[in-house]
Every structure is written in C-alpha cells, then in structure tokens.
Amino acid sequence: DAGVIQSPRHEVTEMGQEVTLRCKPISGHDYLFWYRQTMMRGLELLIYFNNNVPIDDSGMPEDRFSAKMPNASFSTLKIQPSEPRDSAVYFCASSPGTKLYEQYFGPGTRLTVT
Amino acid sequence: SQQGEEDPQALSIQEGENATMNCSYKTSINNLQWYRQNSGRGLVHLILIRSNEREKHSGRLRVTLDTSKKSSSLLITASRAADTASYFCATDPNTGNQFYFGTGTSLTVIP
Numbered sequence: 049d050a051g052v053i054q055s056p057r058h059e060v061t062e063m064g065q066e067v068t069l070r071c072k073p074i075s076g077h078d079y080l081f082w083y084r085q086t087m088m089r090g091l092e093l094l095i096y097f098n099n100n101v102p103i104d105d106s107g108m109p110e111d112r113f114s115a116k117m118p119n120a121s122f123s124t125l126k127i128q129p130s131e132p133r134d135s136a137v138y139f140c141a142s143s144p145g146t147k148l149y150e151q152y153f154g155p156g157t158r159l160t161v162t
Numbered sequence: 047s048q049q050g051e052e053d054p055q056a057l058s059i060q061e062g063e064n065a066t067m068n069c070s071y072k073t074s075i076n077n078l079q080w081y082r083q084n085s086g087r088g089l090v091h092l093i094l095i096r097s098n099e100r101e102k103h104s105g106r107l108r109v110t111l112d113t114s115k116k117s118s119s120l121l122i123t124a125s126r127a128a129d130t131a132s133y134f135c136a137t138d139p140n141t142g143n144q145f146y147f148g149t150g151t152s153l154t155v156i157p
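Residue numbers (this note's numbering), protein chains in the order written: chain U, 49 to 162; chain G, 47 to 157.
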C-alpha cells in the first residue's frame, strides 16, 4: 500500500483565494482525520470522519473551513477565503479503527498564504 | 485542554546516550501512544500502551505509564543520529474517538 496520499505537497496562495487540500486514505481504513500543525499551536485535530460521515468538527476554526468525504477513498479540506493566519502544515491521517489503533499520517501539505 | 504536554521541549544528547522524554496529561485515558516526526514529514506511530499496562518495550524503546500521576515516559536507549526527530504523545480520553497530541519534544542526537 502506498500509505496516505496528500496533494499538493506545497501550496502558496494569496489572501482571499480558495484553497483545496486533498487526501486519499489507506484502503480499508474507516477513519480519516484532518490535522493542522503550527509552531504556536502544535498539532490540532480539525475534523474526523467515520465511514465517510463527519463525526466531530469542533476543531474547525471557523466557517471558512469545510471538509468533505464523498467516498471512502477521497477527502478534501477547503479554505475559502484563505487568510495569512491559515499558513500551516495540514496533515491527513487514516486509521482502521479507534482507540486501540494507530493513525497513519500522510506527508502533509505545507500551505503558505501571502 | 485535554492536550498532553511533553517535557522537555528540547533535548540534545550524544550518540550512544539514553534519551528520556515525559508526557503529562489531564484527563483519564484509555490508551496513550507515542509518535515520531522527522523534519518535514508526517508522524509515525512508535508504540501504544493501554491504561492497564505499566510498561512496554519495543526494540530500543521503553514506555512507562503511571495513570495515578497522569504521566508517561519514553526512553530511547543507545541513541543514534537517526533518532533525531520530534516526539509526541497522544492521549485518548475516555470520551470520543479522537486522540489529542501533545506539544512535542525535539530530540537532537549528536554523532
């Protein structure tokens, strides 16, 4: 298996633009997580899905952020409009289950909003 | 916050020495995991310890868990330059299905 795949790996955009981050989880994993990592705030859970259904989106910072999982092999995290404070590394992770299972992380997308 | 906190924030040791990192958390947990993150990469799972376990080993890694003190430690023995990375604990509170990651310890192993 290729592991969790994220695209793009790097994204530079101007303030106000729409940004879409993509994730392909490991086949057979029922859980998908989106995280944001910054120096100031560390690794924050934004949202997670179980069987394509959003379970907890309490970590989504504001309405500018939205996430979807139209099928078991694809998820997107969208920021519209983007702001400089959204600059961070965004990780997607998948897991075959909860609690007793490890999470498998993708390589991350480094987002820079100028 | 349910987030764990690692201590120290940064650690620098010579190759061959042992490295110890600590994690403290606030709420009761089911399990605790340790992850490693190399610079510019995603996190990689190292080891999971359940709340009813006190110690676990995996190769050069030794993890302890003290639920009464709400703390865990990760010991890396005979460190190598390749162990240079950030190490995070992730706690799994009794409610919900997500893990909460700590702030991380940045380990530098000097060859």
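Treat the hints as calculated values from the structure; they're not laboratory data. Some hints could be false.
Computed spacing ranges between beta-carbons, pair by pair [as the list claims (entries may be wrong)]:
no., chain 1, residue 1, chain 2, residue 2, range
1, G, G86, U, G107, 17 to 27 Å
2, G, Q60, U, I103, 43 to 53 Å
3, G, N84, U, M88, 17 to 27 Å
4, G, N76, U, R70, 25 to 35 Å
5, G, T113, U, P129, 16 to 26 Å
All residues carry an ideal CB built from backbone N, CA and C; glycine is no exception.
Hint by hint, here is what the structure shows:
1. G86/G - G107/U: 17 to 27 Å: 23 Å, holds
2. Q60/G - I103/U: 43 to 53 Å: About 45 Å separates the Cβ atoms of Q60/G and I103/U, which means 43 to 53 Å holds.
3. N84/G - M88/U: 17 to 27 Å: About 21 Å separates the Cβ atoms of N84/G and M88/U, which means 17 to 27 Å holds.
4. N76/G - R70/U: 25 to 35 Å: Roughly 31 Å apart at Cβ, these two residues keep to the hinted range, so it holds.
5. T113/G - P129/U: 16 to 26 Å: The hinted range 16 to 26 Å is violated for T113/G and P129/U, with Cβ atoms some 45 Å apart.
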